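Chemist: Let the hints inform the model, and build the full structure from the sequences given.
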Amino acid sequence: MSERSTAGPLSTPSGSRAERIRWVPRQYGAWAILAVPLLLGVAASRPSPWHLVLAVSAGSAYLASVAALEWARARRTAALRPAGLFGAVLAVSGAALLVVEPRLLTIAALVVAVGGVTLAMSLAGYHKSVFVSLLEIGQALALVPAAALLAGDPLGPAVADAVLAGGLYLVGSVLVVRSLIRERGNRVFAVAALAYHGAVVAVAWLLLPWPYSVLAVALLARSAALLVAQARWRAGPGGPGRLRPVHIGIIEILASLALVTLGFTVGF
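Convert by adding 2 to the 1-based position in the sequence shown; the result is the number in the numbering used here.
Bear in mind the hints are in silico, worked out from the structure with no lab data behind them.
These figures come from a predicted structure and were not determined experimentally.
Ideal Cβ positions, reconstructed from N, Cα and C, are used throughout, including at glycine.
Be a bit skeptical, because a hint or two may be false.
[Said to hold, decoys possible] Ranges between beta-carbon positions, derived for each pair:
{"#": "1", "residue 1": "P51", "residue 2": "L87", "range": "40 to 50 Å"}
{"#": "2", "residue 1": "L125", "residue 2": "R234", "range": "31 to 41 Å"}
{"#": "3", "residue 1": "A197", "residue 2": "V268", "range": "20 to 30 Å"}
{"#": "4", "residue 1": "A90", "residue 2": "G118", "range": "19 to 29 Å"}
{"#": "5", "residue 1": "L54", "residue 2": "L87", "range": "12 to 22 Å"}
{"#": "6", "residue 1": "A233", "residue 2": "A93", "range": "24 to 34 Å"}
{"#": "7", "residue 1": "S131", "residue 2": "T267", "range": "35 to 45 Å"}
{"#": "8", "residue 1": "V193", "residue 2": "A93", "range": "20 to 30 Å"}
{"#": "9", "residue 1": "V193", "residue 2": "G251", "range": "22 to 32 Å"}
Modeler: Put into structure tokens, the structure is as follows:
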């Protein structure tokens, strides 16, 4: 899922080097892309035990898709093991959710349709493109209305605002992280990321409760500060360096927590 979630080779403790499989990819940002919409969906409705099943379903869908894509791209038969296991978990948990709330079938169909486009682009060699990242964010945002339906709440303005807030943040997060890592040194991309965050401030002020516009200003400042730090960072005496992914990741975790906290305290 996006550059934060696109998995590389997988591995297991045993087996030949060519057939090693990692059952859980080391792309930790993918979990944030799943967790933020799910939690915002809970915040926009009310907690339900079925949200735990939804979390299992979303996580297994991600893990199964990563393994399946690994098999499709490299025909590595070892990838079929995690794909099969997580696919089975998805089938069981997803079936339970559909029994409880049949309207989820429409959301699931849209997610699968978008997933088909993502798969086609990934197999064509565009798995690291910004467009694929945006498609994957769109898939994750489906967790917001899904969570509301499982709580028995209507898909009203609060859910729409939660989708908007989550989408604005996640797209901005992908842009700023990409500008610091994959597009490091690309001034045009960096300016675009800052311009996007500036637009988010205006959108949040117009369409969301005012605390979200304050957060949007903070996210704009975070983006600018990270880009400046990236330009000036020194890894060691006498040599230019860069921000490490762990530094960026910690800041993004804090930003995600700030957004989710607003969702539960301020609401939508």
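Chemist: All the hints need checking, so say for each whether the structure fits it.
Modeler: So, going through the hints one by one against the coordinates:
P51 and L87 have their C-beta atoms about 24 Å apart, which leaves the hinted 40 to 50 Å range violated. Under the hint 31 to 41 Å, the C-beta atoms of L125 and R234, about 40 Å apart, fit the expected range. Between A197 and V268, the C-beta spacing of about 26 Å keeps the proposed range 20 to 30 Å intact. A90 and G118 have their C-beta atoms about 21 Å apart, which keeps the hinted 19 to 29 Å range intact.
Checked against the hint of 12 to 22 Å, the C-beta distance between L54 and L87 comes to roughly 19 Å, which is consistent with it. The beta-carbon spacing between A233 and A93, approximately 48 Å, falls outside the hinted interval of 24 to 34 Å. Range check, S131 to T267: about 36 Å between beta-carbon atoms, so the 35 to 45 Å window is met. Between V193 and A93 the beta carbons are some 45 Å apart, a value that contradicts the proposed interval 20 to 30 Å.
A beta carbon spacing of about 23 Å between V193 and G251 agrees with the range 22 to 32 Å that was offered as a hint.
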